[in-house]
Amino acid sequence: MNVMIQPWHSFSLEKTFEKLESSDRGLSLDAAKERLKRYGANSLPEEKPPSKLRLFLSQFQSPLIYILLAAGAVVFAMGETIDSSIILAVLLVNAIVGVIQEGKAQNTLLALKKLVETNATVLRNGKEFIIPDREVVSGDILILQEGERISADARVIFSQNLKIDEASLTGESEAIYKNTDVLERNDLPTADQKNMVWKGTHVVSGNGRVVVVTTGLGTVIGGIAKQISAIDTEIPLKANIRYLSRAIIVIVAVISAVIFTVGILSGHSAKEMFTTVVSLSVSIIPEGLPIVMTLVLATGVWRMSKRNALVKKLQAVEALGQARVIAVDKTGTITKNELVIRKAWTGGNLFEIGGIGYEPKGEIKFDEKIVNSANHEELLYLGKAASLLASARLSYAEETKDWRIAGDPTEAAMLVFAEKTGFHKDDLLRESPLISEIPFDYRLKYHATVHQVGEKHFLTVAGAPETILALCADIRREGKNHPLSKSEKEELETTFIRMSEKGLRVLAIAVRHDAPKQLKTESIRSLSFVGFFGMQDTLRPEVKGAMQRAKDAGIRVVMITGDHKITARSIAKEAGIYQEGDAVLTGNEIEKMHDAELIDKLASTTVFARVTPEHKMRIINAYKKRGEIIAMTGDGVNDAPSLVAADLGVSMGKIGTEVAKEASDIVLLDDNFGSIISAIEEGRSIYKTIKKVILYLFSTSAGEVLTISGALFLGYPLPILAAQIIWLNFVTDGFLDVALAMEPKEDGLLSGKFEHPKKYLVDSLMIQRMAVMAIPMMAGTLFLFSRYFEADIAKAWTISLTVLAVFQWFNAWNCRSENKSIFSMDWFSNKYLVGATLLVIALQMAAIYAPVMQKLLRTVPLELSDWLLIIPVAASIVAAEELRKLFYRRSFITKSA
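Each step along the sequence shown adds one to the number in our numbering, with nothing skipped, and position 336 is 747.
Calculated from the structure, these hints are not laboratory results. Any given hint might turn out to be false.
Think about it this way: if two alpha-carbon atoms lie no more than 30 Å apart in a straight line, the pair counts; the simulated DSSO-like pairs of lysine-lysine are [said to hold, decoys possible]:
1. Lys-891 / Lys-962
2. Lys-1102 / Lys-1242
3. Lys-976 / Lys-1156
4. Lys-836 / Lys-962
5. Lys-836 / Lys-812
6. Lys-955 / Lys-812
7. Lys-463 / Lys-867
8. Lys-430 / Lys-605
9. Lys-1065 / Lys-717
10. Lys-463 / Lys-444
11. Lys-430 / Lys-754
12. Lys-754 / Lys-913
13. Lys-891 / Lys-955
14. Lys-867 / Lys-856
15. Lys-913 / Lys-955
16. Lys-1035 / Lys-976
17. Lys-754 / Lys-724
18. Lys-867 / Lys-776
19. Lys-891 / Lys-856
20. Lys-1035 / Lys-962
21. Lys-430 / Lys-538
22. Lys-867 / Lys-780
23. Lys-776 / Lys-913
24. Lys-812 / Lys-856
25. Lys-776 / Lys-976
26. Lys-1156 / Lys-772
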C-alpha cells in the first residue's frame, strides 16, 4: 500500500480503495492495528515546553550577556569582588524576571488548549466503533455527522448534503458542499478539491462517509506543521541587541587598545593603564541595560495583559512598536465568520438590513430611512419564506452572552432575517407544518420545502440566482403574481450581478402555492419569483475604529485571504483597508511574478485574494526583503507558517486554532482586533523608552571615554580613577537608568507625528544627541580638572568624579524626550526619576563627605566655592541639549509644512 502524496481527488472510488487496500466495509481490526503500529499515531508532534532550568539558561543566550560575564570575570580577577557581584546580581535578576514571564505565558497557553481528546466514528469489519482520533489510520472509513471535527485527510465516498467549514485551513469563509465526483485535474488547490475533506475542519451540516487517505504529518495540516518547523525567524529586538553587542565589542577593543597605548607612551605604568582600561571597558558596556530592558518589557507585558493580550516572549512587545505593516487574515480576524443578510431585494425595492452577527434584531432601512417591516407587504412575504426554508437553529448562550447557531450558516442567516421581520420559526411550523423537503444539492443548486398552509401545499425554494430565475414563470409584485417577462428577467439578472460585484453572496427566493404534497425535482417549476438576499460575513465591530487608528499611526494594513477577489475587496473596503485605486493581487497572479516584481507591487497592493499558505509565505518574505517590519495576524491552521515567518505573529485566543496559537508571539485572549493597535502603542512606548535608556547609558560612557582620552592626549594625569568609574557606572547610572525606564507613555505615539523606528536602536539622531551630551561632559570635566590637578590631585579627582556625576543627574532629565524641553514637561510625572535623583545626590554627598567612602573612592571634602563651579559647568549639558531640541522642533515643523 502506498499512502504517499497522491492526487486522491482524481481517482475513482474503486481505484482509491484499491490503492488503500480497503473497502466500503472498512479495515479489519487486525489490519487497523498493524497500520497504527507501522505508520504511527494520527497526531502532530508537539514540542515539549522547556524546563525551568532550560528556560533560565536561555536568558543568558545573548552577546551582550557574554560581554558582561567576561567583564565580571576580569573585575573579579582584579580583586573587585563587590563590583563583580553587582554585575552577576544584575544578570541573575534579569534571568529570573524573564523565566517568570515566559513561564506564565506557557501556562496560559496550556490552559487554552482543549482538555478532552476528540474521538472519531469508524467502520471496521462493517461495524461502527468510536475510537480516539490518534488511532485513526489510512484506509479507515469515517462516519461524519453534523458538528463533528474531521480526524484525517480523506476521500468522500458518500455525501448526504455534506457541508464542511474549511475556513481554518483554506481561509474560505463559505462552507463547502462535498461530493463523490472524480476531479480530473491533478494540480487542483486544496480549496477546490470538492471530493476531499481535511483534518482539523468540521462538518457544518449533512452527513457522509469518507475513506482516510493520510494521517498525522502526511495530512495538509501536517505539511503546514512541517513548514513551521523549517522556518527560522528572529524578533527585531533580538537582532538589534546582537548588532549592538557586536558594535560594543569592537568599540571596547579599539578604545581600550588606543587608550592603553597612548597611556604607556605618556609615561603611565602598564598596571595603572590596564586597571583604567578595564574599568573604562566596564563603563562602556551597559551592565544595567539587560535588567532595564527586562523591566521595560515586563511593564509593557503587564499593561498588555490588562488589555487581554498574552505576550509569549518579552521581546515580542517591542517588535510591535517597530511594525510598519500589519498583514491581517480576513476570516476570524477582520470578520466574525458569521454569515448575515445585508441586503434584501423584493418588489423592486432594495432594503438594507442592520444588526450584529446572529442577534435576531436590527434596523431595516429603505432609501436610507428606518422602516417598519409590517408596512411592507413584500418584505414580510420574503421574511415568511425565509423562515419556512431555514432549518438551522438559533440559541442564546448565557455564559458568553452571544447568539449561536446550529446547522447551515446560510439558512441561519435566513432565520435571523425572518426574526428581524417578525416571524418566529416555531410559531410558523405550528401553523404551517413541514410536509416534504429536498435538501440542498450542489447539482440542483437549490433547497426546497413544502408546508401545509390551510388546504394548500406551499412550496418555497432558495438557491443560486441563475438557477431559480430559470425555474420562474411569474414574479410577485404588490401582493400578486404577474407573468415574468424576458426584459424583467434580464433586469433581475442585472440586479443580482450588481449585488455580487459588491462582494455579496446572492441567494434567490421563489414560491409556488399549489405544489404536490410529495415533492420531487420535476415539481420545481412554474415558480413565482419573490426576491434576492445579499449575504456577507460580519465585520468585527472594533475593526473600523482600529483601522482608522492604524492609519493615523502611519501603519499600513493589508488583507490576505483565501476568499474570492470581489468578496475580499468588498470586505477590505468596508473595513477601511482598501481605497479606490489600490491594487488587488490574486494567488494566481503572484505565482506568475518574480520576487522583484512582487516586491514592486507591494507598494500599491492592499488586498491579496485566493492565496494559499505558500503564497502567504512569499508575501511575508517580500515585505521583509523590502525592509519592512511586518506583523501578521491570523487564527487558522493556514495562517501558522506566515505567523512564524513574520517579524511578529499575532493569533486569536478564542477562535484561534491551537496550531496558530503555538506559532504566534502574541495571543489576543478576547479576539479583539483593536487590541493590536493598543499593543502597537505600547510597543512604540517601549521602543522609545529603551532608546532613552540606551542614550543615557551610552552618552555617559562616551563622556567618560572622551574625558580620559582627552586627558591622555593633553598630557594630563588620569582625571578619574578606576574605582570612581565603577561608582559612576553602578551607583549613579544604576539608579537613574532604572528610573528613566519607568518614564510614562508619551503622547502622539499613534499619530502621524511619530517617527517610525529605524532598523537599528542606535541611529543617526541618537549618535548626534550622544555627541551633544558627551562633548560638554568632556570639556567641562577637563576644564575643572585642569584647574586643580597641579595643586591637589586628590581634590582634582574628587572634582572630576563629582562633576561627571552631576552631568549624569542633569542628563537623565535631558533623555526624557527627544524634542520636548525639560522645562515644558511635568517634572513630577515620573516620580521614580525624582526619587532616584534625590537618592543619587545623597549617595554622592556620602561619597565625598563620609570617611569610609573617602577612603574607598579616594575623595576629599569639597567646599561651597567648588560646588558653585561644578553645578553651572554640569548644567551646560542641559543648555546644549535644549538648543539641539529647539533646532529639531523647528526642522520638524519645516518638514511638515
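A quick look at each hint next to the structure:
1. Lys-891 / Lys-962: 51 Å, violated
2. Lys-1102 / Lys-1242: 20 Å, holds
3. Lys-976 / Lys-1156: Violated, at roughly 41 Å.
4. Lys-836 / Lys-962: 44 Å, violated
5. Lys-836 / Lys-812: 22 Å, holds
6. Lys-955 / Lys-812: Holds: Lys-955 and Lys-812 sit about 23 Å apart, inside 30 Å.
7. Lys-463 / Lys-867: The hint is violated at about 74 Å.
8. Lys-430 / Lys-605: With Cα atoms ~20 Å apart, Lys-430 and Lys-605 stay inside 30 Å; holds.
9. Lys-1065 / Lys-717: 17 Å, holds
10. Lys-463 / Lys-444: Cα-Cα ~38 Å, so violated.
11. Lys-430 / Lys-754: At roughly 49 Å apart (the allowed maximum being 30 Å), Lys-754 and Lys-430 break the hint.
12. Lys-754 / Lys-913: Cα-Cα ~11 Å, so holds.
13. Lys-891 / Lys-955: 42 Å, violated
14. Lys-867 / Lys-856: 26 Å, holds
15. Lys-913 / Lys-955: Between Lys-913 and Lys-955 the Cα gap is close to 18 Å, so the pair holds against 30 Å.
16. Lys-1035 / Lys-976: At roughly 24 Å apart (the allowed maximum being 30 Å), Lys-976 and Lys-1035 satisfy the hint.
17. Lys-754 / Lys-724: The hint is violated at about 45 Å.
18. Lys-867 / Lys-776: 33 Å, violated
19. Lys-891 / Lys-856: Holds, at roughly 27 Å.
20. Lys-1035 / Lys-962: 20 Å, holds
21. Lys-430 / Lys-538: It holds: about 22 Å lies between the C-alpha atoms, which stays within 30 Å.
22. Lys-867 / Lys-780: 37 Å, violated
23. Lys-776 / Lys-913: 18 Å, holds
24. Lys-812 / Lys-856: 35 Å, violated
25. Lys-776 / Lys-976: 28 Å, holds
26. Lys-1156 / Lys-772: At roughly 41 Å apart (the allowed maximum being 30 Å), Lys-772 and Lys-1156 break the hint.
The structure shown violates the earlier hints numbered 1, 3, 4, 7, 10, 11, 13, 17, 18, 22, 24, 26.
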